Each structure stands twice: as structure tokens, then as C-alpha cells.
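Residue numbers (full-length UniProt numbering), protein chains in the order written: chain A, 1 to 289; chain B, 1 to 87.
Calculated directly from the structure, the hints in this document are not laboratory data. Computed from a predicted model, the values in this text were never measured in an experiment. Backbone N, C-alpha and C define an ideal beta-carbon position, used for all residues, glycine too. Hints may contain errors.
Straight-line Cα separation of at most 30 Å, DSS-like style, residue types lysine-lysine; simulated pairs [said to hold, decoys possible]: (1) A:Lys-275 / A:Lys-203; (2) A:Lys-184 / A:Lys-280; (3) B:Lys-2 / A:Lys-40; (4) B:Lys-53 / B:Lys-38; (5) A:Lys-142 / A:Lys-164; (6) B:Lys-46 / A:Lys-40; (7) B:Lys-26 / B:Lys-8; (8) A:Lys-40 / A:Lys-92; (9) B:Lys-38 / A:Lys-92; (10) B:Lys-53 / A:Lys-40; (11) B:Lys-83 / B:Lys-46; (12) A:Lys-282 / A:Lys-181; (13) A:Lys-115 / A:Lys-161; (14) B:Lys-26 / A:Lys-84; (15) A:Lys-161 / A:Lys-207; (16) B:Lys-53 / A:Lys-84; (17) A:Lys-164 / A:Lys-181; (18) B:Lys-38 / A:Lys-84; (19) B:Lys-65 / B:Lys-83; (20) B:Lys-65 / A:Lys-184; (21) A:Lys-142 / A:Lys-203; (22) A:Lys-184 / A:Lys-264; (23) B:Lys-5 / B:Lys-53; (24) B:Lys-65 / B:Lys-26; (25) A:Lys-139 / A:Lys-207; (26) B:Lys-2 / B:Lys-83; (27) A:Lys-139 / A:Lys-275; (28) A:Lys-209 / A:Lys-235; (29) B:Lys-5 / A:Lys-84; (30) B:Lys-65 / A:Lys-40; (31) A:Lys-40 / B:Lys-83; (32) A:Lys-235 / A:Lys-161; (33) A:Lys-203 / A:Lys-115.
Covered stretches of chain A (in silico footprint by chain B; criterion: 3 or more residues with CB under 8 Å from a CB of chain B, positions within the stretch not fixed) [what the hints assert, rightly or not]: (34) 11 to 21; (35) 42 to 49.
Label-pair distances were calculated between CB atoms; the ranges are [as the list claims (entries may be wrong)]: (36) A:Leu-210 / B:Pro-6: 42 to 48 Å; (37) A:Asp-78 / B:Lys-26: 32 to 38 Å; (38) A:Leu-183 / B:Pro-6: 48 to 54 Å.
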Amino acid sequence: MRRSMLFIPGNNPSMIQNAPVLGADSIILDLEDAVSIDEKDSARYLVRNALLEIDFSGCERVVRINSIGTNFGYDDIDVIARVKPDALIIPKATEEGVEEVDELLSAIEREEGFKLGSIKIIPLIETAIGLEDVFNIVKSSKRVVAVLLGAEDLTADMEIKRTKEGEEIFYARSKVVSVCKALKVDAIDTPFTDVNDFEGLRKDSEKAKLIGMTGKAAINPRQIDIINEVFSPSKDDINWAKRVISAYEEAQREGKGVFSLDGKMVDAPILQRAKNIIEKAKAIGLIKG
Amino acid sequence: MKIVKPAKAGTMESNDIYIMVYPNEKGNEIQLDSIVLKQFGKQIEKIIIDTLKELDVENALVVAKDRGALDYTIKARVETAIKRALE
Numbered sequence: 001m002r003r004s005m006l007f008i009p010g011n012n013p014s015m016i017q018n019a020p021v022l023g024a025d026s027i028i029l030d031l032e033d034a035v036s037i038d039e040k041d042s043a044r045y046l047v048r049n050a051l052l053e054i055d056f057s058g059c060e061r062v063v064r065i066n067s068i069g070t071n072f073g074y075d076d077i078d079v080i081a082r083v084k085p086d087a088l089i090i091p092k093a094t095e096e097g098v099e100e101v102d103e104l105l106s107a108i109e110r111e112e113g114f115k116l117g118s119i120k121i122i123p124l125i126e127t128a129i130g131l132e133d134v135f136n137i138v139k140s141s142k143r144v145v146a147v148l149l150g151a152e153d154l155t156a157d158m159e160i161k162r163t164k165e166g167e168e169i170f171y172a173r174s175k176v177v178s179v180c181k182a183l184k185v186d187a188i189d190t191p192f193t194d195v196n197d198f199e200g201l202r203k204d205s206e207k208a209k210l211i212g213m214t215g216k217a218a219i220n221p222r223q224i225d226i227i228n229e230v231f232s233p234s235k236d237d238i239n240w241a242k243r244v245i246s247a248y249e250e251a252q253r254e255g256k257g258v259f260s261l262d263g264k265m266v267d268a269p270i271l272q273r274a275k276n277i278i279e280k281a282k283a284i285g286l287i288k289g
Numbered sequence: 001m002k003i004v005k006p007a008k009a010g011t012m013e014s015n016d017i018y019i020m021v022y023p024n025e026k027g028n029e030i031q032l033d034s035i036v037l038k039q040f041g042k043q044i045e046k047i048i049i050d051t052l053k054e055l056d057v058e059n060a061l062v063v064a065k066d067r068g069a070l071d072y073t074i075k076a077r078v079e080t081a082i083k084r085a086l087e
């Protein structure tokens, strides 16, 4: 479950050790943009030690490494993968880059005696070429469990203005969602960068959810509650899903192939949607499994 | 590993530790200043000494200004400073 993925600067001990109690589903320990060039080594060792010694209380432990087009990226993989994070985020992801990271991880997993494929990959789509190639990027490694859209770099690459309304990233969001649904991985939306505009955050999250995003990155702990709320099934959703499934079971008992609820026919896609809602609600703990 | 030049790592921020290392002919030596010196001074010194041993360092003067760092941070900052002092 990745409703909320919170970025934490990788060279800040105070923020790292407080991260597990903030309520995010995933913690992204950031070695890339949040760390200055002079402190890359320092952050790398700090994050490695944090992964070894801090109890992240069930949060997914993700590390955003530096681009593997740089020496920092290779060093990050060599140091971080040996303490088995749950996943690595690959910035400015390309098909070749993800394949290379996959191979490097396989070598380290063999050396360390980890189960092959246990460290997952989340490509960060933040260039026009990455966006257009996102299907192949996801297909390039079985380790890929989600795609993160990075709209700030993407809009810079496309030389377009980034706005709060986000109309300029509608295509990017739709493309990422479509690929993620097709290949059965999570679609994680770009962060909302105004950390004081909670109404804007809610609208932006709802917009992303409406077109199929399954979660959203956060850059401030205060954003987590709203993101978790938006990307969780509502009480009404859960009640509706329960009624659909109950009506389905009754129809099965009566030998009916097709049935209706509240005067509307329920067919396979609607039944599947109801099952998905129940599954998600169970995973979050909103209903008992 | 032999320390060849002075180096530093960490910050004076809360929950961090600022480490400076210097080549030292007399072997390993630690000068610790901490906001929790009375309660955890010996423990912090032990972590620094153990980290130097793990890195096979025998000629470091370590000057540490602790701001309430946990063990994982102390180890990381010492390792970073030592590796910077080797280059």
C-alpha cells in the first residue's frame, strides 16, 4: 500500500529518526536533490546506518539514489543495497538505466545472500523521453513495483510553466496511470509543492485519484493526512462495495448470472471495482480481513 | 587505514554530531563535548572507538561536538570524517 510516500532529506538525522511516526505508508530517504554535492558521502553512510538500526514501524523503506549517470549513483547502490532497503527510486529513469540497476542489484543480492529480486525499483519519470518510454521502462525489470511522476523536472524539461492547477501535466498523469494499470504496478503522483496550501493539496490529490493515481508523494509531514485520506476508500465507497458483493453472493445462490442493485445492473467490471475497494480497505485496516 | 589530513563531517544541528579528525602520532585519542556528556559520554566515546577499530584506524585525534546524536548517526559521521581524511 503506497497511498503516501514522504521524502526525507538523507543527511538530516533528526528528520530521519522521526520519520516512522508521521503516518506515511512509505518513507523515501533522499540522497539526490535534498543532499548537496559535498555531502553525498555523508548522507549515504547516514542512510545506510539508519536502515540498519532504525525501526521504521512497518513503513516501506525506500531510498532515492543519485542518477546512475554519475559516480554518486553507483556508490549509492553499492552501499545502500547491501542493507536491503525495500526499494530504490531511480531518478530520470530510462529503460537502459533501470536494466543496469537491476543487474547491479542482482549481483549484490547474490553476494549478500539476499533473495534474488527482493529489492524493488520505482522509476521516477521526470523527462519527456522517460514519459514517452514509460511502458518499456516498467517492462524492463520485474523489480518495478510502482512509477513515481516527477512533474517539476518534467515541466522544466518540456519548457512549460508548472501551475497549481496542473493542467499542463494532465497528459503525463494519464500516460503514467494507463501504463501502470496495464502492467499492474502502482502509479504515484508528483508532490504538491506549496506546503502551506492544504486546500490546494486536497484538490490536486483528488484530481490525481480521479484519473487513476493510486498514491502521492509528499514533501512535508503535514501533507500526509490529507493524502492518506484522499487515497483511501471512503465509508460510502466501502458500504457500496459491501452491498455489491452481498448482492452478487445472493445472485450466485439463486443461480442468476446478471443482477441489479438499486435498479442498476451490476456486471463484471463493477463487481471487480467493489472487490478492489474491499481489498484496499482491508490492507489499510479500515475493515477487518 | 592511515589518516593523512584533517577532515570533518556532521553538523551542529540537534540530533547530529560534528566530528573533526586529525592525524595523531600518539594513536587514537578522543576529545568529546556533548549536551548529554554526563549521561552518555562514555557510551558515545565507546561508539567512536569501536568505529575507529572497525575502520582499522590507529592514528586519529577525534574532536566530537555532540548535539544528542543516536548511535547510527555517530557511527556514520565518524566513518565519513575518517574516509575524507584518507584521501
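Hint numbers not upheld by this structure, sorted from lowest to highest
Numbers 5, 9, 13, 14, 18, 20, 21, 29, 32, 33, 36, in rising order.
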